[in-house]
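J.: Here the protein sequences come in this chain order: A and B. To get the working numbering, take the position in the first sequence, counting from 1, and add 282. To get the working numbering, take the position in the second sequence, counting from 1, and add 552.
Please note: incorrect hints may appear among the correct ones.
Which residues of chain A face chain B? A partial, calculated answer using Cβ under 7 Å [stated by the list, open to error]:
| # | residue |
| --- | --- |
| 1 | 288 |
| 2 | 312 |
| 3 | 315 |
| 4 | 424 |
Label-pair ranges, simulated between beta-carbon atoms [as the list claims (entries may be wrong)]:
| # | chain 1 | residue 1 | chain 2 | residue 2 | range |
| --- | --- | --- | --- | --- | --- |
| 5 | A | 341 | B | 634 | 41 to 51 Å |
| 6 | B | 625 | A | 416 | 43 to 53 Å |
| 7 | A | 352 | B | 625 | 34 to 44 Å |
| 8 | B | 603 | A | 386 | 37 to 47 Å |
| 9 | B | 601 | A | 389 | 37 to 47 Å |
| 10 | A | 421 | B | 614 | 42 to 52 Å |
| 11 | B | 604 | A | 416 | 23 to 33 Å |
| 12 | A | 401 | B | 614 | 27 to 37 Å |
| 13 | B | 616 | A | 289 | 38 to 48 Å |
| 14 | B | 604 | A | 392 | 44 to 54 Å |
| 15 | A | 420 | B | 614 | 17 to 27 Å |
Some chain B residues flagged as far from chain A (calculated, every beta-carbon gap over 12 Å) [unchecked claim]:
| # | residue |
| --- | --- |
| 16 | 559 |
| 17 | 560 |
| 18 | 561 |
| 19 | 563 |
| 20 | 574 |
| 21 | 577 |
| 22 | 588 |
| 23 | 589 |
| 24 | 591 |
| 25 | 600 |
| 26 | 616 |
| 27 | 617 |
| 28 | 618 |
| 29 | 625 |
| 30 | 626 |
Since the hints were derived computationally from the structure, they do not count as laboratory data. Built from N, CA and C at the ideal position, the CB exists for glycine as well.
What follows is the residue order along each chain.
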Amino acid sequence: MQTDAPERMSLVLFSGTADKLTAAATLTTGGAAMGMEVDLFLTFWGLEAFKKDAIGSVPLVSADFAELGPMMREVMQAKRVPSWLDTLRGAREIGVVKVYACSATMELFGHKLEDLEDIVDEVTGAASFIDRAKDSKITLFI
Amino acid sequence: MTVTTPLPSIDKEIDARGSFCPGPLLELIRGVKSVPVGGTVAVLSSDPGSNKDIPLWIQKARHDYLGAFAEDGYTRFVVRKAH
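Extracted from the complex, chain B is given alone in its bound form (with noise of 0.2 Å):
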């Protein structure tokens, strides 16, 4: 899923562009283990299966999706620390 609203701000970014699955998300979940509660992350990534996989952990994880960014080539991802 993609969607238009503006780009929330970013207490940190992760690239991962390149790598596979699970290397994105893996990247992600260690990059919200890493910011406190209400941080947000962000994760760049290549992968087709981050569109799907991304928001489903961030649903079962029970963060706050903030949405994915279609950039060229890739999608940034953030999420809000929650717990």
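So here's chain A without its partners, still in its complex pose (with noise of 0.2 Å):
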């Protein structure tokens, strides 16, 4: 039996571009692969992202890059890229992936726990989240 708590690894996803969920997603599916815990925290424009059927609405590029944005969806498309909620599911089949919605948030924007996409698991507040991030390995703010 392995008595070693697993490491941890901890991301707080601020942004609400396809880029960088994309970029966080595939972060996530290697730590997982790897046999971490990832945590994400999902807080502003990030949890936009995680509104149900938000994800056809969803920028592709922040604003530092918006003339990229149709070159981006067109190579996406070519290349069949898969989106990087389907990857955030890929890497929760591989291993243990907790996505917790800031409360913050939730608030500010009127949001309810049902009112997002199935893979989000609780909703929480700056403390928790840092509570569980305070031992990870690796922490990331995307």
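Build the complex from these two chains, which are given one at a time in their own frames, with help from the hints.
T.: Below, the structure is given as structure tokens:
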């Protein structure tokens, strides 16, 4: 029996554009594959992207790279890149990935847990996330 | 790492060519889950990241790495499920 606590990786998803969410989903899958427990904390635009059926309306790239948006859309379609949400679902299939929604953002935008994609596990506050994140080997703010 | 030993027998082969990181690794992990212990799984990948990622995962997950076999424009990675 393994007694060591698994290594943990904690990501804050603040950004709500598909480019950054794709990067976050890829890293989440890498962490899950390498046996880490991955916690995602969704806040602000990162949380908005997880509203049910929002995926079609999530902007592809941040405003800094707006002129590259059409090119990225074309490339991603041509190369059949899976959506970041599907990649995250894949990560949950192979490992332990927990998705937390920031309670303050939920209040601010008037959302309930059932308004979010079913991949979101629960609504939590900053202190609870920090309590889990403080023992993480890897913490990223995306 | 590419090795040149003869290709081992393969119980399940997954074609992940054209899929990007983490696609091929994800497909391999699913494949390994789906075979019994002792079964061999191959994944075909054209993603250059697989050359390091896949052997690293196999080592971390403590399965048996049977090798990487270079083909034209892609690599066939073979693993035996050890537990």
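J.: All the hints need checking, so say for each whether the structure fits it.
T.: We went through each hint and held it up to the structure:
no., hint, in the structure
1, 288, "violated, 12 Å"
2, 312, "holds, 6 Å"
3, 315, "holds, 5 Å"
4, 424, "violated, 16 Å"
5, 341/A x 634/B: 41 to 51 Å, "holds, 44 Å"
6, 625/B x 416/A: 43 to 53 Å, "holds, 46 Å"
7, 352/A x 625/B: 34 to 44 Å, "violated, 28 Å"
8, 603/B x 386/A: 37 to 47 Å, "holds, 43 Å"
9, 601/B x 389/A: 37 to 47 Å, "holds, 40 Å"
10, 421/A x 614/B: 42 to 52 Å, "violated, 27 Å"
11, 604/B x 416/A: 23 to 33 Å, "holds, 30 Å"
12, 401/A x 614/B: 27 to 37 Å, "holds, 29 Å"
13, 616/B x 289/A: 38 to 48 Å, "violated, 23 Å"
14, 604/B x 392/A: 44 to 54 Å, "holds, 45 Å"
15, 420/A x 614/B: 17 to 27 Å, "holds, 22 Å"
16, 559, "holds, 25 Å"
17, 560, "holds, 23 Å"
18, 561, "holds, 25 Å"
19, 563, "holds, 19 Å"
20, 574, "violated, 4 Å"
21, 577, "violated, 6 Å"
22, 588, "holds, 18 Å"
23, 589, "holds, 18 Å"
24, 591, "holds, 17 Å"
25, 600, "holds, 15 Å"
26, 616, "holds, 17 Å"
27, 617, "holds, 15 Å"
28, 618, "holds, 19 Å"
29, 625, "holds, 15 Å"
30, 626, "holds, 15 Å"
In this structure, the earlier hints numbered 1, 4, 7, 10, 13, 20 and 21 are contradicted, and the remaining ones agree with it.
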